[in-house]
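> The listed protein sequences derive, respectively, from chains A and B.
Using the working numbering, read the first sequence as starting at 38 and increasing by one per residue.
Using the working numbering, read the second sequence as starting at 21 and increasing by one per residue.
Source of the hints: derived by calculation from the structure; they are not laboratory data.
Here chain A is said to cover these stretches of chain B; the calculated rule only asks that three of the stretch's residues, wherever they fall, bring their Cβ under 8 Å from a Cβ of chain A: (1) 46-60; (2) 84-97; (3) 196-202.
To be clear about the criterion: a stretch of chain B counts as covered by chain A if any three or more of its residues have a C-beta under 8 Å from a C-beta of chain A, and this derived list gives those stretches: (4) 69-81; (5) 140-147; (6) 162-170; (7) 221-230.
Just a sample of chain A residues kept apart from chain B, beta carbon distances all over 12 Å, derived: (8) Glu41; (9) Ala45; (10) Ala50; (11) Gly113; (12) Leu114; (13) Asp115; (14) Gln123; (15) His227; (16) Pro229; (17) Met230; (18) Trp247.
Don't be surprised by glycine CBs; every beta carbon is placed ideally from N, CA and C.
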Amino acid sequence: MGDERVTAERFHASDGVEGWHVLFAGASAHWRTASLAQGAEFAVRIADAATALGRFPDVDLRPRDVVVTTRRPDGGLDATDVALAQRVSAIADDLGLVSDPSVLQEMLIAVAHARDVDVRPFFDAAFGYDDFDETDAVDPHRRNPAIVFHPFDRVGRGRTHIDVSVPAEQAEARVKAALAAGGRLADDSHAPMWWTLASPDNHGIDIAAWTDTEG
Amino acid sequence: MADTARISPKQFHDEPGTEGWHVLYGGAQTVFPTDAFATGAEFVRRIAEATAELGREPDVDLRERSVAVRTAMNPRGRLDEVDAEVARRVSTVGRQLGLAPDSSRLQTLQIGVAEYAGVDTRDFWRAALGYEDVGGVLADPLRRLPRLWFYELATAGRGRTHFDVAVPNERAQARVQAALAAGGRLALGDDAPYWWGLASPDNHGVDIAGWGDVHEGV
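Using the sequences plus the hints, can you model the full thing?
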């Protein structure tokens, strides 16, 4: 299937992908399960679809939940991801599983560094991560959040911040909850793509909706 | 299963059949490399079957070429004997499929959030991340994202927030050496070989923790 990249907007415009959201790690969806055994049955059927398409998603099984994430090896989405999402959703429907997109989220750790210092080799070594692209580092088993490195040019929220991507329609509620819990809105000039918050102690956290709506 | 006695990481390792498993943040865990995604899915099916009667269902992360399994008696990651039995059964069904644990790239990340004295920022973090409080740490309800713990800002100089990387005990020293060779600095070494406090070339804090895997306390 096609190599052409599919934007979040086009992904959502496809049929049969209701409940999927495009977050940092790719297109993700969630279903509740009655047991690990039911999740495993789901996984076996996902494997059939994945093998037929040659695109293998990450499947996180919990006793009462399954989260499926698909993306190309380079991190983007294409028509194969759309096809896989459609098939996975059809299998879930067939098994009578109920989705709850409100629990979906992904995290990135954004490490700020001085402009003239390359700190990625250190983080790769300390975290046991692999280089990804020009600027990122990833857990080889994708069980821990990816790290993105950026030059340190904004002071005031500490040097490292955490990015959280959530389904676009959840973002504003998440921001409100964080503000109600004592947070401060440090920068909303990019809203509704993302909101830059500071903890009561001035620690940085961004709530990102843009991955899910990007055209 | 709620009334079983807790066991320490050391006791877990002393149990027969737990070879290749490690006690890291979140519970006892390991990774089984696979030759194909479908093999991994079949492994997951057998794991569910083999553990169903124990009343303890492990967390399983299925990837294209690996399956990670984690078991714990509670969301905090504490262990009891049922977890040792889960590990045994998972390794047994793995063997039937020709799979063996490989912990060479197994690790769990935790984030230590520094706070000024007298400031409590937990409610903010819980709200911003959608986390829940499990015995003093904040955790992702789906156990997919790293846990947060909080401490009073006392040691300035490595930045305010640091990352803890828990690795299998026997791999901790090598991890530290690799990070030092990559330009890191040993900032806190007094508690080695339990944990090492490193600073990045840019003075960012990363601790390598090997203690959790061999701890004798429950």
